[in-house]
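Number of protein chains: 2
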Amino acid sequence: MSKAFNEELAAIEAGAVAYLTAFSRVDVAAVLATYADDGVLMAPGMPAAVGKDELAVVYPNVFATVGFDMTYEIKEVVQISADWGFVRSATEGTETNKATGVVVPAAYQELFLLRKSAAGAWQIARYCTSKISPAG
Amino acid sequence: MSKAFNEELAAIEAGAVAYLTAFSRVDVAAVLATYADDGVLMAPGMPAAVGKDELAVVYPNVFATVGFDMTYEIKEVVQISADWGFVRSATEGTETNKATGVVVPAAYQELFLLRKSAAGAWQIARYCTSKISPAG
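Protein chains in written order, with UniProt numbering: chain Z, 1 to 136; chain V, 1 to 136.
No lab work stands behind these hints, which were simulated from the structure alone.
Don't take every hint at face value.
Which copy? The list can't say, so a pair holds if one copy fits it or any two copies do.
Said to hold, decoys possible - List of simulated lysine to any residue pairs, SDA-like, C-alpha gap at most 25 Å:
#1 98 <-> 44
#2 98 <-> 132
#3 75 <-> 117
#4 75 <-> 123
#5 75 <-> 53
#6 75 <-> 64
#7 75 <-> 56
#8 98 <-> 133
#9 52 <-> 4
#10 98 <-> 70
With the hints as extra help, turn the sequences into a complete structure.
Below you can see the structure in the form of structure tokens.
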């Protein structure tokens with residue numbers, strides 16, 4: 001077993017929170033900035049988006065289709081090694097179908113796998129979110 | 001940046017494949033054996049199941065509700081450190097609503113975060129799966 005790592009917990013959590021808050025603000029540029037260049041999104045209703053080019057297409061489409069009004073709760077923050085960590089969270093609120101205007105309750109859970117860049121930034125390497133609530 | 005790790009890639013992949021094949025066999029005991037004691041499942045339609053006691057309740061319920069006939073594809077296997085790694089996969093096939101008998105196409109994607117136990121077994125520490133296909 002390797003030694004325990006914990007000196008970067010606050011920075012790891014901040015990486016996930018930066019994503020969650022940028023998503024809430026519908027700020028595509030800020031969302032993309034939280035990802036590593038090779039970052040992967042695994043989200044409901046679509047195959048994995050791999051790398052910034054694909055992510056830059058996916059997020060505008062998501063935001064054009066659905067409006068989110070969600071709050072997040074951080075469930076755990078774990079540092080795996082000097083430059084890897086993960087964050088588990090849950091989000092709850094409402095989502096609005098932008099085509100119909102229908103608003104429904106929504107709940108998701110998130111697993112962020114983050115990696116520290118050479119420049120010292122904790123970035124999303126892999127991110128999986130699954131929907132707890134039934135499809136709206 | 002830490003050194004690259006790759007000596008355990010086959011064992012890491014085998015940990016995820018053990019889960020996927022046990023799931024296909026509807027073998028609850030074998031599914032549970034692929035998890036660490038503190039393992040967490042994040043799956044569509046339910047809040048996170050945390051630890052073996054909760055997992056031991058969730059899987060029989062899932063198998064009682066839905067029949068799966070899926071094939072898997074391993075998308076990537078990455079060793080993070082001496083004792084952490086992850087596997088990303090996708091699964092595709094059909095699922096059967098056991099109450100109605102209705103069979104629908106189904107596709108999911110999976111992110112397995114695995115940890116090597118003191119005994120040397122790669123076990124699922126955190127696992128998130130999201131549904132690509134619309135809810136059936």
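Violated constraints from the hint list, given by number and in increasing order: 6
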